[in-house]
Amino acid sequence: MKLADNYLYKGPWYKQDCVMSKTNQKEIPDSKRLNFMLQALRLVNRLIIRGKDCKKLLQGVSDALTQSGAYDTAWIMLLDRACNVAPAEEEARLRSVDQADEPAATKKKDARSNSSESMEGSIGPSGLGISIAVQSGLGGSFTEFVEQVRLGSLPPCFGNVLSQGEHLVIEDPFETCPDYPLLRGGRDEGILSVPIEFDGKVHGLLTVSTSASFIVGKEDQDILAEIAADIGFAVHELELDNKRVRVEEELRNDETRLRTLFETAHDSIFIMDKSTFIDCNDATVQIFGCDSKDDILGHSPWEYSPEKQPDGQDSRKKAIAYIQAAIDGTPQRFYWKHSWKNGTEFDAEVSLNALTLNGKTYLQAIVRDISDMVQAQEELKRSEELYRLSFTNATDVIYSMDSEGTLLSVSPSVKRVLGYDPESLVGKKFHELGILDPDYIDDVADNLARVFSGETINAAVFEFIARGGERKIGEVSGAPLWRDGKIAAVVSVARDITERVKAEKIRNKQYNIVRAMATAVDLNELFKIVRNELSDLISTKNFVLALYDEGTGLLYPLFDEDEKDDVPDSWPAARSLTGRVVLSKKSILLNREGIMELLESGEIDAYGTIPEAWLGVPLIADEETVGAIVVQNYDEAETYDGSIVEMFEMLGHSLGNYISRKRIEAERERLSAAIEQAAESVIITDSDGTIEYVNPSFEKITGFSRYEAIGDNPRILKSGEQDEKFYKNLWNIISNGGVWHGHFVNKRKDGTLYSEEATISPVFDSSGEIVHYVAVKRDITRELELEEQYRQAQKMESIGRLAGGVAHDFNNMLSVILGYTELALMKLDPSDELYNDMMEIKKAGQRSADITSQLLAFARKQTIIPKVLDLNENVNNMIKMLRRLIGETIELIWKPGKDLWTVKIDPAQIDQILANLCINARDAIEGNGKIIIETENVSIGQKYCAERPEIFPGSYVMLTVSDNGCGMDEETLTHIFEPFFTTKHQGAGTGLGLATVYGILKQNGGFIEVESRLGKGTSFKIYIPRYLSPDSIQSDNHRTTPCRGKGELILIVEDEESILSLTRTMLEQFGFEVITAKTPVEGLKLAKDYGERIALLVTDVILPGTNGKDLALELRRLFPKIKTLFMSGYTSDVITEEGVIDEGIDFIHKPFTMPDLVSKVCEILQR
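Residues 823 to 1989 in this note's numbering are what the sequence shown spells out, letter by letter.
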């Protein structure tokens, strides 16, 4: 490429604060330097001539300037869009080069590296954009510099080069341009920078560095300016080349795109020369049903059209007119009837436009097949017409509403359904019209909002109000009506389902009534259900169900309700409306006028108030009328329509059959009740003895279910207690037609034996043959047990009476023995040789008294006087007696607990508990064994009591009696506390022992628990409440020093002379004045004689002719201040309640000691 003269640089140079040394002021450059410069220029011109790529050209120029030796470094920056390089493309290149930069250490080491690097940037804050940046000899530092420029940090010394096109010469950059980051070495380095421009346009910047002495030379500056001008020219030329290439490429692309669009269009596209097709796309072949384009090209539009168009015009003439109008410059668009190659017609939409190509006018025709659209429009027209006809003639109500609920349209059917003219409803809001039940207004509003949100409503049920006030049930469905992509309205269809709902309700009622027939307990309950079910349909305030007795001709109300009249207990069927229904077997529906006509004609008699409407239907079973069901209304005449009559007739048949069936069932039940509900077991066998029937009592008594027994033989009950001769005799009697009566011992399913009385009879058929046997058997096991228990109880009662009587006599004698022994001891000195003998007599007497007390405990005849006691002491006192009770082969171990709490209980009851438990333990042990008695303190918490409601939390003293005997199974454990329950053989016990223990503990606020394992032993735990009162322990062994009397007068009444004398002597010994009587009569006489001088009455409880309590009451009536002390050696209900001394009564047991008697008397007198 040869550069023209006008491209040579002629602009001004300027130096920025340049100070030239004398040594550098040379007018003529060194020849070697000049050669370097010229060589660089030649290299640049050669590159420019061959360069086709802007970036490669610039990089080559940069490398040529340094490789020629003319300059140390060189860099070129090209502004954005120079060479038409896209910024995005150059930015990608910039990043790739940036990643390949050398490390800083390498750059410093090889400052004159010839490696070629390029940088691209984008527009920075200064407004300059860099499209290409290349360097030579600078290394990686150039990358940082370009980045700074990209960010708007171009050193100020370079500003005029770009902005004004000036040249820059910097002789000492360290001083004049210190912010230039590409300085390489010492003070001799200079910088020369020139703009790259062409035709007044700055394309970029060319900057070199070398020795300052060369930079200031004119040759250097002129040559570099020439190189920059050549680069500017080359960049301009390359820009033009690139533009030309892009335009050509775009034209080719446009042509390709247009052809592609032309060929791939779905519509048919023609190019026409006047009226002749000269080109077409592929779709044309398909749309016109041709084999190829050859079938079309060279032809005219009317050749692919019917002879005439739908409007009757000739297709050729009409087509020519459209073509000419388009050629004249008026685009045409019209409907056209085209035809396929085979003559089949189709609808088309055609557009014609004129095109000018190379000075000639052509036509472009676009043909769109709209057959489907035309067909859809026809369908739409037909659909609209159908909708119009449906809307006009619909039986359902069709209506539309806007989003505010305003009715936009209503079908004429609303007149028939609700009685309103559609015109009176359109334009008004639905909730203001009064056609909707107020309870449903909110629901309709909600549904309206849902449909306007895009939903569809199906079968919503609302209650409407017709013009006359009649209520109608409507089933409504609604859907949105779309227009232009938006919901314009809601279209709804409301169907009158009043009759359907009523029919469904009737069916449901009928179903509920039929179901009630299967579940109702009795007829009364059933009829209440029937009445309640019907009340949802009609008023049932007046409802009668009457049964007909054909024998008497009377009607009897089985169920009746009437708000005005009392229904009679019976009435003749012949002269009543209900009777007419029964006798005619037909339903009768009458209004008031119809009833009055029958009354006036004398056909019926009046019964009560005449109703406005009356309906009666017969109760029919097996074609026979068993009664009638009647409803009536005193207020409304039109209350019963055809559906109600039909429902009642169906109900009449159902109830009639039900009543008839119930009658049969009742008869059958009465016949079978004697068997099914009898306490006796009933077995029916066939003639061979195979069981065919057993009643529930048989199952209960034997343990065999009827399914197990039926099909088997009664021998399943054989126990072996009867021999074969017994059964042979039985069979001979019944098989010969006789009736057998007798007693069995049979065996249950569980193996236990039971006794029963039986009567077995044969059952004969009509010919006199035996077909069955019936056995009626009564379980008498319990009766036999009760008889045995009764005998045992009588024996125990006799023993008790005997023990009580013996104890009474013994106590009287022991009182004398112990009393006189004590009197004797008072007269003896302890050193006297008789003193010890008397003490032995006293001990023996006391032991005898203890034995007597225990005898009363066993007989349960003791008087109960609870005392505060130490349980260990009482158990310890019983140990010797218990060892004798259980025998020598059983070891009795006593383990008293430490620091035992006190309890309050009658000591005799403790003796009774121990005796019962130890006897049971003894009987459970075979041979040698152990019985362990233990005591300890226990505290029962709330958690323990949660599952034992009979137990209360608190502190208890626990008495445990354990044995290693045979133990008990679970079944036995559930019955051990039941009265008369025993596991011992017959006659070994009454079964009252543990029941008595249980009763004692309940009486004292305690409880009992038992643990037992079969074959391992049993442990009874007795819990007695801890006694927390500060009262001291009361002991029978505790003695106090008797007080002395002060001459108080005491009346003693005792029928036993020895006791009377002893008691008198004891009291007189201690300073009391005593008077005595053997009978209540004598005592009463003495009391009247001495009057209020008597301070105390001491009387036996049991006296001849009366008792001590009655005597005391009589004296108290006469002399209120007299106090009473009862004494007895035998319990009596006279002064006790269930064995416990009545509150407020003073009592002393016989035998008593002198200190006990005197202390008790003093206690009473001192109150």
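Everything labelled a hint here was simulated from the structure, so no lab data went into it.
Hints are supplied without guarantee of correctness; some may be wrong.
What the hints assert, rightly or not - Simulated pairs of lysine-lysine, PhoX-like, Cα-Cα distance not exceeding 20 Å:
#: 1; residue 1: LYS1907; residue 2: LYS1931
#: 2; residue 1: LYS1023; residue 2: LYS1040
#: 3; residue 1: LYS1931; residue 2: LYS1910
#: 4; residue 1: LYS1726; residue 2: LYS1689
#: 5; residue 1: LYS1140; residue 2: LYS1096
#: 6; residue 1: LYS1931; residue 2: LYS1689
#: 7; residue 1: LYS1702; residue 2: LYS1649
#: 8; residue 1: LYS1327; residue 2: LYS1308
#: 9; residue 1: LYS1868; residue 2: LYS1945
#: 10; residue 1: LYS1665; residue 2: LYS1702
Here is how each hint holds up against the structure:
no.: 1; hint: LYS1907 / LYS1931; result: holds (17 Å)
no.: 2; hint: LYS1023 / LYS1040; result: violated (24 Å)
no.: 3; hint: LYS1931 / LYS1910; result: holds (17 Å)
no.: 4; hint: LYS1726 / LYS1689; result: holds (5 Å)
no.: 5; hint: LYS1140 / LYS1096; result: holds (14 Å)
no.: 6; hint: LYS1931 / LYS1689; result: violated (24 Å)
no.: 7; hint: LYS1702 / LYS1649; result: violated (33 Å)
no.: 8; hint: LYS1327 / LYS1308; result: violated (42 Å)
no.: 9; hint: LYS1868 / LYS1945; result: holds (16 Å)
no.: 10; hint: LYS1665 / LYS1702; result: holds (16 Å)
Against the hints set out earlier in the document, violations occur for numbers 2, 6, 7 and 8.
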